[in-house]
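S.K.: The chain contents come next:
2 protein chains.
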Amino acid sequence: MPIDIKIVYCKPCGFLPRALGLAEELLKYLSDINVTLTPGSNGIFDVYVNGELRFSRYQSRRFPEPNEIIEMVQRASPQP
Amino acid sequence: MPIDIKIVYCKPCGFLPRALGLAEELLKYLSDINVTLTPGSNGIFDVYVNGELRFSRYQSRRFPEPNEIIEMVQRASPQP
Numbered sequence: 031m032p033i034d035i036k037i038v039y040c041k042p043c044g045f046l047p048r049a050l051g052l053a054e055e056l057l058k059y060l061s062d063i064n065v066t067l068t069p070g071s072n073g074i075f076d077v078y079v080n081g082e083l084r085f086s087r088y089q090s091r092r093f094p095e096p097n098e099i100i101e102m103v104q105r106a107s108p109q110p
Numbered sequence: 031m032p033i034d035i036k037i038v039y040c041k042p043c044g045f046l047p048r049a050l051g052l053a054e055e056l057l058k059y060l061s062d063i064n065v066t067l068t069p070g071s072n073g074i075f076d077v078y079v080n081g082e083l084r085f086s087r088y089q090s091r092r093f094p095e096p097n098e099i100i101e102m103v104q105r106a107s108p109q110p
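Here the protein sequences line up with chains A and B, keeping their order.
For the first sequence, position 70 matches number 100 in the numbering used here, and the numbering has no gaps at all.
For the second sequence, position 30 matches number 60 in the numbering used here, and the numbering has no gaps at all.
No lab work stands behind these hints: they were computed from the structure.
Bear in mind that the values here come from a model prediction, so they are computed numbers and not experimental data.
Any given hint might turn out to be false.
In this list, chains with the same sequence are indistinguishable; a pair is considered to hold if it fits within one copy or across any two.
What the hints assert, rightly or not - Distance condition first, Cα-Cα at most 20 Å in a straight line; then the derived SDA-like pairs of lysine to any residue: (1) Lys58 to Pro42; (2) Lys58 to Ser90; (3) Lys58 to Tyr88; (4) Lys36 to Gly51; (5) Lys58 to Gln89; (6) Lys36 to Leu60.
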């Protein structure tokens, strides 16, 4: 069962390249995932894993590092 | 109501950069859409619009041009 990751990014702020970069890292290093890119506004840069908000730029006052999202997803993956 | 676009690309074939490039063009030029990237295999490069297969590399024997997908999505958008 693939893990669904959603990246909501502020389009007017020009965060699309950053969102694509994160998507690329996730898709390169993780298997059995889907990555959805959703435009937003007002400085948003949120990452959801299976529908749960796991990173918010508002709360953290920074952008996520790809590694921390990769680790989040690996923890969310059912171990064989 | 955003339009959902899904790009299924062959990961082992190295089609991720091409899928990211198409996603970038769609997200740049279209508003009110979500783009999902889904790894696949066996040379696949399919584009779904709202769950409907609208481009298949198997059938067309080529990759899609961003413009033709943009036009498909614009036609699928309800006119105000």
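S.K.: All hints are to be evaluated individually against the structure, with a verdict given for each.
M.R.: Right, here's what the structure says about each hint:
no.	hint	result
1	Lys58 to Pro42	between (27 Å within a copy, 10 Å between copies)
2	Lys58 to Ser90	neither (25 Å within a copy, 27 Å between copies)
3	Lys58 to Tyr88	neither (27 Å within a copy, 24 Å between copies)
4	Lys36 to Gly51	both (13 Å within a copy, 18 Å between copies)
5	Lys58 to Gln89	neither (27 Å within a copy, 27 Å between copies)
6	Lys36 to Leu60	both (14 Å within a copy, 18 Å between copies)
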